[in-house]
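Q: Residues per chain, in single letters:
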Amino acid sequence: MTISRRHFLVGTALTTSALAIPTMLTAQGKPKVVVIGGGAGGATAARYIAKDSKGAIDVTLIEPNKEFTTCFFSNLYIGGFRTFESITHSYKTLESTHGIKVVHQMATGVDRAAKSVTLGDGTKVTYDKLIVAPGISLKWDSVPGYSAEAAQMMPHAWQAGPQTQLLKSKIDAMKQGGTFVMVAPPNPFRCPPGPYERISMVAHVFKEKNPKAKIIILDPKEKFSKQALFQEGWQDNYAGMVEWIPASLHGGVKSIDPATGKIETDLETFTADVANIIPAQAAGGIAKTAGLTNDTGFCPIMPASMQSQVDENVYVLGDSSIAGDMPKSGFSANSQAKVCANAVRGALTGSKVFPAKFSNTCWSLIDTDNGVKVGANYVAKPEKITKTTGFISKTGEDSAVRKATYEESLGWYSGITNDIFGS
Amino acid sequence: MDARGRFLGAVFACVLLAGMLPGLQAIAGGGLEKSEPAAENEHAQLVRRGAEVYQRCSACHRLGANAQNRIGPQLNDLLGRKAGSIEGARYSPAMKQAGADGLVWSAETIDAFVADPKGYLKGTTMGLRGVEDAGDRKALVAYLSSFSTGPSNIPETTVPAPPPVDAGVPSEILALKGDPEYGEYLSGECVTCHQPSGADKGIPSIIGWPHEDFVIAMHAYKNKKRPHPVMRMIAGRLSPEEIAALAAYFNKRDR
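Chains as they are written, first to last, in our numbering: chain S, 104 to 526; chain G, 3 to 257.
Next up, chain S with everything else stripped away, as it sits in the complex (with noise of 0.2 Å):
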């Protein structure tokens, strides 16, 4: 691992501080992780740091909902694929299989120096090392009008769960023949190909339900992920029914109403029906509370380990993290956390450390049985997280490949949920 020369400063003082005030729990004796945010990220990192320790360290999560809605397949429930209850888990099994302490709360503060953490209720949680996995947060005023307030008209259903419910029943309760309109995400945002599955989720049930209705998205990037797969898939599943605009051609999003949906723009003043305002994005607020964003709003890391640019004590996983060439996903959260993990534990207990290993794979449903995905592999260069190879699904795919491809993300699914929260 390399240390840059800040790194290793900020390290030498914690160090300091923390001879001249022994924690209560390295008394006890136990090491000790506290981990903030319960998604695949931070899950992931408390059940393989539990599991493999085989109680040598002492696990907390810290997670505000009692139950956790995953954002990948949200896409799906929107779509009719998927019930909300299947695409919602519980932390039961990680406090009951793996030992894992889970406390709902919020974590309000974290002071690096006295290595705690602060919660909603005010107690205190001391930690060896920390995890923070907070996904993102949004940056409401990135498109003037939006506000926390404004999305209970114009959702976002960017972070799972009511959000999600509230866009659905929107767009399913939509007037024929009626307007659905997306302003997409500037980069870097969560889940690259997420607008336009979304899309074509909303466009699948406007096929079957509301087949006059028109969608458009008004996107702040000239180009996006699996664009040619899904502009195909738009023309071959729902022809007519999506326009895709880019910022060149719109100029930008002026201001929004959420009382009479009019979205204006350069190119002209949309009424939007239903709409779905994604904002920019940074990483979650305790990131930034607890000072380890740069001036990107993300959090800059170390990419052999994870471990934060400014605390060797501190770890910061998926969305929230500046992960190089890899995208904000749950997978790749899922895939940095194992990595995390490993590291956490050779520091604390003196188990071996793997040399780091990255992979990601984003599936994404256009029509019934008609799935695509992309994927790549990535190595810990000094300088960034690295991108070796990769894969995409190609245009003109044979209809069983694509049905193929579904039923393997349905299998993902399974897959992933167990791996993060535990089966």
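It is worth saying that the hints were derived from the structure and are not from the lab. Take these hints with a grain of salt, some might be off.
[What the hints assert, rightly or not] The calculated label-pair distances, taken between Cβ atoms and stated as ranges, are:
hint, chain 1, residue 1, chain 2, residue 2, range
1, S, Gly493, G, Lys254, 25 to 33 Å
2, G, Asn225, S, Lys357, 20 to 28 Å
3, G, Ser241, S, Gly280, 40 to 48 Å
4, G, Gly132, S, Ala503, 47 to 55 Å
5, S, Lys278, G, Pro95, 28 to 36 Å
6, S, Phe184, G, Asn225, 44 to 52 Å
7, S, Ala342, G, Asn43, 48 to 56 Å
8, G, Glu183, S, Phe494, 41 to 49 Å
9, G, Pro172, S, Lys227, 40 to 48 Å
10, G, Gly132, S, Ser502, 51 to 59 Å
11, G, Asn225, S, Gly453, 17 to 25 Å
[To be verified] Taking lysine-lysine pairs in the DSS-like style, the calculated list, with each CA pair at most 25 Å apart, reads:
hint, chain 1, residue 1, chain 2, residue 2
12, S, Lys154, G, Lys254
13, G, Lys224, S, Lys484
14, S, Lys273, S, Lys315
15, S, Lys455, G, Lys179
16, S, Lys490, S, Lys326
17, S, Lys487, S, Lys506
18, S, Lys273, S, Lys154
19, S, Lys195, G, Lys227
20, G, Lys120, G, Lys98
21, S, Lys506, G, Lys226
22, G, Lys226, G, Lys124
23, S, Lys227, S, Lys273
24, G, Lys254, S, Lys455
25, S, Lys455, S, Lys484
26, S, Lys497, G, Lys98
27, G, Lys224, S, Lys497
28, S, Lys497, G, Lys226
29, G, Lys120, S, Lys506
30, S, Lys365, S, Lys242
31, S, Lys133, S, Lys227
32, S, Lys490, G, Lys226
33, G, Lys227, S, Lys490
34, S, Lys242, S, Lys312
35, G, Lys227, S, Lys506
36, G, Lys203, G, Lys224
37, S, Lys169, S, Lys310
38, S, Lys455, S, Lys133
39, S, Lys315, S, Lys278
40, S, Lys157, G, Lys124
Cβ coordinates follow ideal geometry from the N, Cα and C atoms, glycine included.
Add chain G to chain S, keeping to what the hints say.
A: Using the frame of chain S, we list chain G on its own:
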């Protein structure tokens, strides 16, 4: 074709196509001497069709002279065999219990099991998704019956057993002993998709494979002899030692 069939099918298909026909003619020819040509012809056709259906089984099971247990038990003399009773074979607890409770394989029980494995025997780890077509099942039973005439009379067959030599994996690579601890770490990448429970919906199980089968399969992906893009990518960057480590780890895992 079921998931595991698809997974292994590509490699086995060539072996099957090249080797199956002479064996089948031998089976069909053997019967023709005894009774009505028309009826025998029908039976031969049924057995031939059964051999095709059996392709879905041959990823995990072996048949014929010297057949060994692989991922699943060998299937010689299956008819009349108590379920879960072959020494040294890997069975789910459910299968062993079914045998203890009196399940014996017959044309009827095989038919019912193969029609809906997990419905018929909850807890089975057989990966087959189910043979829907009743005619296919009848043919499969006829084919399996032709290997159940008694240990001294098992026809030579070329249907199963993809020979390791043909897979292009040198013997020194097959002989590599893997470090299961390293395999356990590496397995983190596998279990994102392949379930440690052995469940295999949409994605095949990789639990409990014989070392050699696992190593051959992974090298087939690594060398781009098998088509699946995700597996080519994953296997592509694994060293022979890492593949051996994974084989060692997954081989030892209980389902």
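Q: Now tell me if each hint is right for this structure.
A: For each hint, the structure was consulted:
1. Gly493/S to Lys254/G: 25 to 33 Å: holds (32 Å)
2. Asn225/G to Lys357/S: 20 to 28 Å: Distance hint for Asn225/G, Lys357/S is violated at roughly 55 Å.
3. Ser241/G to Gly280/S: 40 to 48 Å: Between Ser241/G and Gly280/S, where Cβ atoms are some 59 Å apart, the hint is violated.
4. Gly132/G to Ala503/S: 47 to 55 Å: violated (18 Å)
5. Lys278/S to Pro95/G: 28 to 36 Å: violated (56 Å)
6. Phe184/S to Asn225/G: 44 to 52 Å: With Cβ atoms ~36 Å apart, the hint is violated.
7. Ala342/S to Asn43/G: 48 to 56 Å: holds (52 Å)
8. Glu183/G to Phe494/S: 41 to 49 Å: Check failed, 30 Å falls outside 41 to 49 Å.
9. Pro172/G to Lys227/S: 40 to 48 Å: violated (59 Å)
10. Gly132/G to Ser502/S: 51 to 59 Å: violated (22 Å)
11. Asn225/G to Gly453/S: 17 to 25 Å: Given about 38 Å between the Cβ atoms, the range is violated.
12. Lys154/S to Lys254/G: holds (17 Å)
13. Lys224/G to Lys484/S: holds (23 Å)
14. Lys273/S to Lys315/S: Holds - the C-alpha atoms of Lys315/S and Lys273/S are around 16 Å apart, at most 25 Å.
15. Lys455/S to Lys179/G: Between Lys455/S and Lys179/G the Cα gap is close to 19 Å, so the pair holds against 25 Å.
16. Lys490/S to Lys326/S: holds (20 Å)
17. Lys487/S to Lys506/S: Between Lys487/S and Lys506/S the Cα gap is close to 36 Å, so the pair fails against 25 Å, i.e. violated.
18. Lys273/S to Lys154/S: Status violated; Cα separation ~42 Å.
19. Lys195/S to Lys227/G: violated (43 Å)
20. Lys120/G to Lys98/G: holds (15 Å)
21. Lys506/S to Lys226/G: Holds. Lys506/S to Lys226/G sits at ~22 Å (cutoff 25 Å).
22. Lys226/G to Lys124/G: violated (36 Å)
23. Lys227/S to Lys273/S: violated (41 Å)
24. Lys254/G to Lys455/S: It holds: about 20 Å lies between the C-alpha atoms, which stays within 25 Å.
25. Lys455/S to Lys484/S: holds (20 Å)
26. Lys497/S to Lys98/G: violated (45 Å)
27. Lys224/G to Lys497/S: holds (21 Å)
28. Lys497/S to Lys226/G: This hinted pair holds, its Cα atoms lying about 17 Å apart.
29. Lys120/G to Lys506/S: The hint holds at about 22 Å.
30. Lys365/S to Lys242/S: Since the Cα atoms of Lys365/S and Lys242/S sit roughly 20 Å apart, the hinted pair holds (cutoff 25 Å).
31. Lys133/S to Lys227/S: OK: Lys133/S and Lys227/S at ~18 Å, within 25 Å.
32. Lys490/S to Lys226/G: holds (20 Å)
33. Lys227/G to Lys490/S: Measuring from Cα to Cα gives roughly 23 Å; hence the hint holds.
34. Lys242/S to Lys312/S: violated (33 Å)
35. Lys227/G to Lys506/S: holds (22 Å)
36. Lys203/G to Lys224/G: Measuring from Cα to Cα gives roughly 24 Å; hence the hint holds.
37. Lys169/S to Lys310/S: violated (36 Å)
38. Lys455/S to Lys133/S: holds (18 Å)
39. Lys315/S to Lys278/S: Roughly 10 Å between the alpha carbons, so the hint for Lys315/S and Lys278/S holds.
40. Lys157/S to Lys124/G: violated (31 Å)
Of the numbered hints listed earlier, those contradicted by the structure are 2, 3, 4, 5, 6, 8, 9, 10, 11, 17, 18, 19, 22, 23, 26, 34, 37 and 40.
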